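Asker: The primary structure of each chain is shown beneath.
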Amino acid sequence: MKNFKSYLFAPLALFAMLFISGNIKAQGVSGDTIANLTDVQKYYRAIHVMAMLLVGFGFLMVFVRKYGRSALTATFLLVSISVPLYYFISDFGIFGEKGSQIDILIMAEFGAASLLITAGAVLGRLKMQQYLILGLLFVPFYMFNEWIMLDEGFGLVGKGNFIDTGGSIVIHAFGAIFGLGVAISMTTKNEYDTSIEADATSDRFSMLGSMILWVFWPSFCAALVLPEEVVMTAINVILALSGATLATGFASIKLRGKIDAADIANASLAGGVAIGSVCNTASPTEAMIIGLAAGAISTFGFAIVQSRLQKGLKIVDTCGVSNLHGIPGIFGGLVALIVVTGINYTAQLAGIGLTIVIAIVAGLITGKILHFFGHREKPYVDTEEFIVED
Amino acid sequence: MKNFKSYLFAPLALFAMLFISGNIKAQGVSGDTIANLTDVQKYYRAIHVMAMLLVGFGFLMVFVRKYGRSALTATFLLVSISVPLYYFISDFGIFGEKGSQIDILIMAEFGAASLLITAGAVLGRLKMQQYLILGLLFVPFYMFNEWIMLDEGFGLVGKGNFIDTGGSIVIHAFGAIFGLGVAISMTTKNEYDTSIEADATSDRFSMLGSMILWVFWPSFCAALVLPEEVVMTAINVILALSGATLATGFASIKLRGKIDAADIANASLAGGVAIGSVCNTASPTEAMIIGLAAGAISTFGFAIVQSRLQKGLKIVDTCGVSNLHGIPGIFGGLVALIVVTGINYTAQLAGIGLTIVIAIVAGLITGKILHFFGHREKPYVDTEEFIVED
Amino acid sequence: MKNFKSYLFAPLALFAMLFISGNIKAQGVSGDTIANLTDVQKYYRAIHVMAMLLVGFGFLMVFVRKYGRSALTATFLLVSISVPLYYFISDFGIFGEKGSQIDILIMAEFGAASLLITAGAVLGRLKMQQYLILGLLFVPFYMFNEWIMLDEGFGLVGKGNFIDTGGSIVIHAFGAIFGLGVAISMTTKNEYDTSIEADATSDRFSMLGSMILWVFWPSFCAALVLPEEVVMTAINVILALSGATLATGFASIKLRGKIDAADIANASLAGGVAIGSVCNTASPTEAMIIGLAAGAISTFGFAIVQSRLQKGLKIVDTCGVSNLHGIPGIFGGLVALIVVTGINYTAQLAGIGLTIVIAIVAGLITGKILHFFGHREKPYVDTEEFIVED
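Chains as they are written, first to last, in the numbering used here: chain E, 1 to 390; chain W, 1 to 390; chain P, 1 to 390.
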């Protein structure tokens with residue numbers, strides 16, 4: 001199983017999916033002009049999210065100097081396996097009704113975002129086909145959790161009780177914790193002995209990815225909100241990101257003496273992660289404060305916690321997703337308890353707790369399965385799997 | 001003619017154009033609010049296409065290590081010559097009525113896309129002013145073919161009979177075959193003796209261009225469709241691109257042993273090329289299958305056909321546009337025969353055949369004319385025409 | 001004051017702002033569906049402008065080879081300090097009524113654009129915290145000038161009399177001249193003795209930023225126009241940018257012998273700067289001619305004027321903002337006198353003159369204050385303030 005045959009796993013599964021799926025026919029939202037216009041407007045947010053997935057997440061991960069081609073190719077593959085998979089599974093209706101076609105597309109992209117976060121935790125330590133298998137295993141787990149949190153799933157949380165508009169918990173925390181689960185099952189000695197190197201060019205590429213994420217994050221959070229909520233949601237997200245960016249600048253220089261470009265590229269985005277749950281309910285002032293706090297927390301994670309975690313628990317989290325998506329995500333979910341008037345405390349806390357449990361269990365299982373498909377000889381180098389001229 | 005004077009050719013032509021064109025007055029689509037909103041929505045797709053033209057095509061061509069500044073400058077110049085030229089020629093009404101102002105802008109961008117594909121075939125082997133002359137010659141030929149295929153041109157195909165919504169034939173195949181025609185007329189010995197070198201940085205830039213193209217491709221195909229068709233068109237394009245990306249990953253490793261980053265950057269996009277003709281009529285399942293096939297075909301072209309073509313026929317196709325836009329484009333045009341119910345077989349086949357003939361003849365003529373304006377001493381280096389400090 | 005404490009200045013000011021600002025509540029434009037749709041459409045233009053601010057301006061400034069991380073971090077910080085600051089100051093209503101929430105966001109982004117232009121003039125010669133202080137000082141001055149030009153400020157120009165839709169004067173010229181003021185107060189000997197170095201990679205990054213600016217410029221100029229004016233405004237901007245790009249190509253080779261990639265990256269954008277004032281009133285032909293002229297003027301500035309200014313007046317304008325935003329901006333404001341029928345000559349000339357005076361005075365004052373917060377040891381290197389592995 002560790003050899004070439006494993007490459008066939010992914011396309012076979014997809015083909016099976018395709019042929020069972022019957023034949024969804026191309027269909028317009030006929031007649032209603034306003035409904036059409038509204039759907040097309042959602043479409044533009046879907047494209048913004050796609051820019052975040054490929055260019056944003058992809059280039060953010062290019063900070064690993066010798067692993068650029070691999071990181072970008074992995075991003076391509078992860079998006080290309082997960083979006084169709086989510087889309088065709090939705091068509092079966094296993095995990096509840098997903099709404100209109102554009103809503104399904106956006107939710108599929110959310111799933112891809114969460115998957116890319118997971119992949120960030122083990123970046124550089126999977127073979128290319130393992131990224132695909134990761135995608136195939138991740139999506140059903142993700143949809144299962146999403147169904148419990150946001151839909152009728154087992155009646156555990158109840159529809160509409162769990163507040164997480166922009167996915168602080170369901171997308172960010174889930175992806176990060178799932179990734180830690182995989183990392184726990186996968187990390188080997190030669191991984192935490194190998195240092196992850198950046199250089200001036202990889203840093204600039206990484207900041208490009210970060211900027212793309214920053215710019216389009218308002219559309220991520222506002223992707224599915226009502227038309228009349230789009231503008232205020234966007235303003236909240238921009239204020240939260242601004243707050244996080246300022247806090248990151250101060251915290252980085254305070255905690256490290258000099259600024260680390262990786263802090264700026266990563267922790268600045270923690271504002272977007274943390275505002276997720278309350279992006280359409282917070283006031284601008286609250287949004288700014290949430291962002292400032294999230295940036296400080298995240299930078300503290302990158303500057304102080306990361307290396308201790310690695311040395312103490314022997315877990316390598318390549319991109320530090322626990323600091324960017326994990327802690328700030330949970331923080332965002334908890335902030336809803338304060339900010340949202342009339343919130344259902346039990347449902348919110350249950351949702352957060354359940355997501356953490358499902359993510360860690362699913363991640364551990366997935367890691368065990370991936371382990372079965374082998375390991376790279378040397379982590380963080382393109383040369384093992386790519387044709388390299390230079 | 002080979003000297004500086006040739007630089008004056010382009011602006012003079014443009015100025016002539018401008019002053020003859022009278023004075024189109026700034027005008028709104030007054031009154032009708034819904035029509036205005038719909039036009040503004042098209043405008044966003046026009047901007048997405050512009051991102052593809054400059055950032056997408058531009059950076060995809062940066063894979064040539066020592067020719068980055070030139071590739072990007074050529075992209076700037078080609079867009080800047082062709083969009084105004086198409087726009088002002090449309091105003092004359094030579095090649096039929098083009099619709100509203102935003103439709104004309106989008107069609108001008110389509111022409112620029114096709115031109116950039118052509119330029120990809122001879123990239124690195126033209127002087128800067130020759131790119132401009134190429135643009136001046138290309139646009140009228142392109143508009144002539146477009147007029148025959150999609151409009152009343154000579155009554156050869158007939159309006160509405162030829163199915164090519166996203167331009168598999170009219171944009172992609174036409175540009176690629178035109179480019180081969182130019183390459184046949186232009187290629188010299190010192191070109192196929194000079195190897196085209198990439199490195200880690202040029203590869204990452206190239207993948208950036210590729211990702212921008214991937215992300216905005218749905219807007220390219222959906223640019224001119226009806227509002228109620230936008231969402232399903234976009235979903236089809238995303239599924240086709242996903243299919244092509246997965247197929248490319250598998251095919252690249254299967255055919256080469258290791259993955260070639262250039263395959264991922266290029267052949268992944270073949271899904272977008274091939275879905276063009278039927279992007280608003282295929283079912284999602286069909287779209288995914290078309291994408292998988294296109295990715296496999298395109299990778300086969302890059303990995304196997306390209307080098308043989310170069311050695312056997314002595315034609316250098318710098319960016320491999322025949323593998324990305326040529327074959328997948330024709331494949332897309334032919335797929336319409338199967339997918340679209342009630343298609344006019346004669347018109348579809350005639351359209352494909354005529355486009356191939358017009359493109360190759362026009363390309364050969366254009367190549368001869370360009371040949372007359374001289375040749376670079378050394379292909380694929382910035383230093384000949386650019387100030388280079390490093 | 002020159003030490004760490006200065007870092008506290010910015011967040012304290014912001015916090016004060018936040019807590020005074022009361023609590024703007026998240027609010028939708030309830031009820032009116034068309035108004036909502038129109039606001040969401042403006043939102044997409046706001047996102048395009050944000051892409052210009054971070055990715056566009058940010059990467060355009062990465063042409064300084066050893067100062068990439070700093071330039072990008074400074075961009076992050078400048079956007080993150082100025083957008084919230086403008087937003088919360090607007091809430092006070094000091095400088096007049098600013099309109100709806102989305103209008104305020106877009107105007108805040110315009111302010112950030114102007115600030116980034118100012119920063120370009122002294123790029124590489126401020127410490128990170130000084131960029132923040134620059135932002136804190138700049139925004140009130142900018143809003144003061146904006147209030148006089150476009151609103152009722154002192155009744156000096158009068159509302160609606162000054163024609164500057166896309167901000168040739170209020171955004172571009174103001175930012176550039178403010179920057180020159182700062183540069184005059186700040187420039188030291190070791191700055192004009194240190195050369196600014198580019199290399200192939202920094203040039204390609206710079207052209208990426210330039211392309212992002214080019215692509216989204218139509219949305220910048222059309223951000224606040226009426227829905228029925230969006231399309232023609234966009235076409236005018238694209239024609240002006242195309243004209244400037246062509247003129248830059250010709251002028252660069254004519255004036256320097258070879259093409260300078262920095263000319264292409266910068267002067268091509270002068271068309272967007274110059275068309276600003278009349279972007280929604282010019283005809284396409286006029287737009288193209290304005291662009292051609294602006295590109296030629298700007299390239300002349302970069303190729304001929306820049307070095308003489310530096311040697312003669314001992315002012316270092318790092319990014320050459322006077323050539324890209326200063327002169328072309330004033331040119332754009334003056335062009336309105338010819339192009340716009342029924343223009344109020346007195347108001348237009350008074351507006352231009354007043355903006356120049358306010359900008360230079362405010363810049364000189366700001367430079368003096370910044371001077372007080374110290375100086376970098378070595379200009380244009382990341383290593384002084386950033387952790388650098390390579």
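One thing to keep in mind: the hints can contain errors.
Repeated chains share a single entry, so a pair holds when one copy, or any two copies, can fit it.
No farther apart than 20 Å at their CA atoms in a straight line, the calculated lysine to aspartate or glutamate pairs in the EDC-like style are these [as the list claims (entries may be wrong)]:
(1) Lys368 <-> Glu385
(2) Lys254 <-> Asp151
(3) Lys66 <-> Asp103
(4) Lys258 <-> Glu228
(5) Lys66 <-> Glu389
(6) Lys66 <-> Glu152
(7) Lys189 <-> Glu384
(8) Lys254 <-> Asp32
(9) Lys189 <-> Glu389
(10) Lys258 <-> Glu384
(11) Lys258 <-> Glu197
(12) Lys189 <-> Asp91
(13) Lys258 <-> Glu377
(14) Lys258 <-> Glu385
(15) Lys66 <-> Glu197
(16) Lys66 <-> Asp199
(17) Lys254 <-> Asp103
Keep in mind that the hints were calculated from the coordinates and are not lab data.
Model, not experiment: these values are computed from the prediction.
Asker: Hint by hint, which ones does the structure fall short of?
Answerer: 1, 2, 3, 4, 6, 8, 9, 12 and 17
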